[in-house]
Every structure is written in structure tokens, then in C-alpha cells.
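J.: What follows is each chain in one-letter form.
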Amino acid sequence: EAQVTQNPRYLITVTGKKLTVTCSQNMNHEYMSWYRQDPGLGLRQIYYSMNVEVTDKGDVPEGYKVSRKEKRNFPLILESPSPNQTSLYFCASSLSQLRVSPLHFGNGTRLTVT
Amino acid sequence: GEDVEQSLFLSVREGDSSVINCTYTDSSSTYLYWYKQEPGAGLQLLTYIFSNMDMKQDQRLTVLLNKKDKHLSLRIADTQTGDSAIYFCAERESSASKIIFGSGTRLSIRP
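Protein sequence lines, in the order shown, are assigned to chains A and B.
Under our numbering, the first residue of the first sequence carries the number 1, and numbering increases by one thereafter.
Under our numbering, the first residue of the second sequence carries the number 1, and numbering increases by one thereafter.
Just so you know, these hints were derived from the structure itself, not from any lab.
Backbone N, C-alpha and C define an ideal beta-carbon position, used for all residues, glycine too.
In silico negatives: residues of chain B with every beta carbon more than 12 Å from chain A:
hint, residue
1, Glu14
2, Gly15
3, Asn21
4, Thr25
5, Thr62
Quick list of in silico lysine-lysine cross-link-like pairs, BS3-like style, CA-CA up to 25 Å:
hint, chain 1, residue 1, chain 2, residue 2
6, A, Lys69, B, Lys98
7, A, Lys18, A, Lys65
8, B, Lys98, A, Lys71
9, A, Lys69, A, Lys18
10, A, Lys71, A, Lys18
11, B, Lys36, B, Lys67
12, B, Lys56, B, Lys67
13, B, Lys36, B, Lys98
14, B, Lys56, B, Lys98
15, A, Lys65, B, Lys98
16, B, Lys98, A, Lys57
17, A, Lys18, A, Lys57
Just a few of them, taken from the derived set where beta-carbon distance is under 8 Å, the chain A residues facing chain B:
hint, residue
18, Gly40
19, Gly42
20, Gln45
21, Phe90
22, Asn107
23, Gly108
Pulled out of the complex, with its shape left as it was, chain A reads as follows:
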């Protein structure tokens, strides 16, 4: 089944403890992206990647890192999480950014930083 898989679904951590949220897609998509969803703010893009070894900042990249060593994986790294990073995170992928390629979303990771 074609899908975007994120892990974990829920994560509670403490300020400053490094964490990684994994994202994997099995559709051979070139484009991958991370979003955070906060009440009243919709989805805001954190980072995106147009292909392997190519990553760029989105609208809210501060405090996050990503890597794209393989086409299928796009992990989100929080080196030193802070409470303002408590949010619902979504990974998404699409075939290409150049054509009408809808985004396919994972089911989300709800992160709480205390």
C-alpha cells in the first residue's frame, strides 16, 4: 500500500533532550516536506527536500534539522527541543514539485515538550 509512515505517533520529552521523528515513503517520491500544525495557524512548513541530498528551509526552520540521505527517508531532528516546539507534526511527499503532484501525508506525530 502506498503510504507515508511517521514514527512515533506520540512523543513526550523534556527540554533539551535530542529527538528524531522518522518519515518514510514507499512511492519513490522526489519531494518530501515537514509541517507543523498549531491551532488557528494551519500548517506551516519547516523544511523540504526536492531530492536526495537537497534540503531547504521552509517558513519555520529554527530549532529543527533534516537530512535526505536516501530517497525514501526524511527524518526530522530536534537537537534541543523547547516547549514552543510542542505541536502536531506531519511529513508529506509528492512525486515532483513541478507538476500537479498532490501531497501525500503521514498520520502525524504529536510531540509534547515539557
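Using the hints provided, position chain B relative to the given structure of chain A.
T.: Quick look at chain B alone, frame taken from chain A:
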């Protein structure tokens, strides 16, 4: 910068039509999308419209695009309880590598 705006809430009676509205600012947008988010799930693409179209119909869904006013709407005919969700409007520019989302409209259905 680019912006997409939606009202946050809409309540309709079961069986009535729902109309969710969206405005956007980028006149170079090529594709405009409607996504649906059910509780505990990611976003699913409902439908999209290319900017050279005025209307697109797909079963109970009708999308209307007014390019002059930069206004997009999604009409759901015969609204059912399963339509309860958050609906996001989104735009993609012709030259950009990102999709910009609105804040989402929470649709609730009353009996």
C-alpha cells in the same frame, strides 16, 4: 508574502449543502487544492483545480474559482456526518516548491 485565509468554523444541518470559502493573495498560483483532515489523521487530497478553470465538479463536491477576486470555494452537497472534518485550502505557485495552506475550516454537522 503569500497568504491563504479561511474562516475557522462552519456548522451545517445534515442534508444541507456546505460551502467553505477561501481567499488567497498570490496571483501566480497555478493549482489550488482542498484537503480534508479527519480526527487523528493526516490530510487527504479531496480535489484540486487548475487556475485556468472556473469550476470543477466531482460527485458531491463542487469547486468554484473566481480569479479576479482570488476566491476559492468548496461546496459539499447533501452534507453527511462523515463529512465532519477540518478542510484546508492550499495554493501552489508556478515557480515555488511549496504549497501554502490556510488555517483550516472545522465543519461540524448538526442533526
